[in-house]
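> Given the coordinates of chain A, work out where chain B should sit on it, guided by the hints.
Protein chains in written order, with full-length UniProt numbering: chain A, 1 to 260; chain B, 1 to 260.
Be a bit skeptical, because a hint or two may be false.
Ranges between beta-carbon positions, derived for each pair [what the hints assert, rightly or not]: (1) B/D209 x A/R244: 57 to 65 Å; (2) B/V126 x A/T167: 29 to 37 Å; (3) A/L234 x B/R186: 41 to 49 Å; (4) B/R35 x A/V250: 20 to 28 Å; (5) A/V126 x B/A175: 18 to 26 Å; (6) A/E32 x B/R186: 43 to 51 Å; (7) B/P151 x A/E199: 30 to 38 Å; (8) B/G174 x A/E111: 36 to 44 Å; (9) A/E111 x B/P23: 25 to 33 Å; (10) B/G251 x A/D209: 38 to 46 Å; (11) B/G174 x A/E199: 53 to 61 Å.
So these bits of chain B aren't anywhere near chain A, every CB distance computed over 10 Å [stated by the list, open to error]: (12) L18; (13) R185; (14) R186; (15) D209; (16) H213; (17) A237.
None of these hints come from the bench; they were simulated from the model.
Ideal Cβ positions, reconstructed from N, Cα and C, are used throughout, including at glycine.
Number of protein chains: 2
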Amino acid sequence: MARSPSGESVLERVVRILEAFTPEAQVLGVGEVARRADLPVATASRMVADLVEHGLLTRESTGRVRMGTRLWELASRASPTLSMRELAMPVLEELLRAVGHHAQLGLLDGEEVLFAERLSAEGAVVNYTRIAARLPLHASSSGLVLLAHAPGDLQERILTGKLARFTSETITDGAELRRRLADIRREGFVLCAGHLHLEATGIAVPVRDETGHVVAAVSVIVPNDDRARGHVPLLTAGAREIQRRLRRAVGEADDIGLIE
Amino acid sequence: MARSPSGESVLERVVRILEAFTPEAQVLGVGEVARRADLPVATASRMVADLVEHGLLTRESTGRVRMGTRLWELASRASPTLSMRELAMPVLEELLRAVGHHAQLGLLDGEEVLFAERLSAEGAVVNYTRIAARLPLHASSSGLVLLAHAPGDLQERILTGKLARFTSETITDGAELRRRLADIRREGFVLCAGHLHLEATGIAVPVRDETGHVVAAVSVIVPNDDRARGHVPLLTAGAREIQRRLRRAVGEADDIGLIE
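Just chain A, with the same shape it has in the complex:
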């Protein structure tokens, strides 16, 4: 791929420009894009114009730019993240109705959990999760479930690395984390009371594909009180239903050649 005089590919710069846009900074001036992407303003300006021309960014009447609908469409319509989310959706809706706070679907991506969906009721308890945003593996219920079933090398990196503290309840000790991961594999769920915010409890269970491999975590966030544990059976049943739908979808995809 074509490289700039600095030896950097065009694609690298495109990715850096797209990375400049976040949930907190959805609309940016070109100067701000340049600063965040660490590019000269003239370069950023030229590349932004090109991205706008292709619909990947949209220019507002003020001259500032934001993520383009075309990019969302291209990234979403063939996305495995969205496919998994569509499969899980009826179950998440059922869970939301039952618990009345938050129901969500998390996927392991790199060394974090990435949320493919979050459904929330009005007036629900505090929740840091956002769709297409990430949380650390050791601190969130979804993350702990995914970490408990992750490859050994990833587990070791997290267990021996720095475990950031969010509240007095966050697990920040490697030995304790190792024990909790073993508990999760044995018990089939995790309940995190106040790990990310003292007022909230996260409960998560694994979702497995037809080979038994854990492919997602389904979770609910509820108030941190004595009733939280009562949601575990519902969540376990929900995960089983997602697994049933996943197996059916894999069968159908086989039929039309989507999966080899």
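Using the frame of chain A, we list chain B on its own:
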């Protein structure tokens, strides 16, 4: 931006490669990517490798590639499409519960309606809508609502262009379409019985921003029978609730500087 010997920018080629992936073709070999993107196999192969390196595509163990989670994340986390969808979500869930088939949110994009969300009940009536997929403006209930409130030049292009037929009920006559658009502006909703599929009725109403500008269509798809019309008041109330949430969000975004 850097151009190939053919004068085409790298970005043009990246877009063509991303466009190769569709809901029906989520996993592709490099040869198939090259064919769909109309690129030499060597070029496609090099660009796919670069896209995989940046996480925008993912290579499976078979060597075939699919849309990358990273691209979905970047495109989604700062997307106005997703923001609008999150605002509308509680209302769509309420509508889904009430009608028991499909509830959806459509946005005008170019000369088509692009669906930001589709929620469906188990065993619901047939529905061609998919998330991040498109339908023609003249043939879908959401499309008709958006077209009724679209700029005049877009209306004229559609009214004087070819109006594709899907069923015996599709509006394919320009003069009839013009009358229907006036009806929609007067009545505030559209009911399309069998326009896309004879078994289904689409009902759509406009969603307006704080200036009165129509920014979306909210719709339900139900069986084509006498009960369909009874859902109109519910849908109208749903649109009002989305408008209320939209105004509140604009106020909050003003406060943190998201919107000028």
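> Evaluate each hint against the coordinates.
Tested hints:
1. B/D209 x A/R244: 57 to 65 Å: Taking Cβ atoms as reference, B/D209 and A/R244 lie about 41 Å apart, which means the hint is violated.
2. B/V126 x A/T167: 29 to 37 Å: Taking Cβ atoms as reference, B/V126 and A/T167 lie about 49 Å apart, which means the hint is violated.
3. A/L234 x B/R186: 41 to 49 Å: Holds - the Cβ-Cβ distance for A/L234 and B/R186, about 47 Å, lies within 41 to 49 Å.
4. B/R35 x A/V250: 20 to 28 Å: holds (26 Å)
5. A/V126 x B/A175: 18 to 26 Å: This hint is violated: roughly 56 Å between Cβ atoms.
6. A/E32 x B/R186: 43 to 51 Å: Cβ of A/E32 to Cβ of B/R186: about 44 Å, so the range 43 to 51 Å holds.
7. B/P151 x A/E199: 30 to 38 Å: At 48 Å between Cβs, range violated.
8. B/G174 x A/E111: 36 to 44 Å: Given about 57 Å between the Cβ atoms, the range is violated.
9. A/E111 x B/P23: 25 to 33 Å: holds (30 Å)
10. B/G251 x A/D209: 38 to 46 Å: holds (44 Å)
11. B/G174 x A/E199: 53 to 61 Å: holds (59 Å)
12. L18: At roughly 5 Å from the nearest Cβ of chain A, B/L18 sits no farther out than 10 Å, so the non-interface label is violated.
13. R185: holds (25 Å)
14. R186: For B/R186, whose nearest Cβ neighbour in chain A is about 29 Å away, the distance exceeds 10 Å, so it holds.
15. D209: holds (14 Å)
16. H213: For B/H213, whose nearest Cβ neighbour in chain A is about 13 Å away, the distance exceeds 10 Å, so it holds.
17. A237: Correct as stated: the minimum Cβ-Cβ distance to chain A is 16 Å, above 10 Å.
When held up to the earlier numbered hints, the structure conflicts with 1, 2, 5, 7, 8, 12 and fits the remainder.
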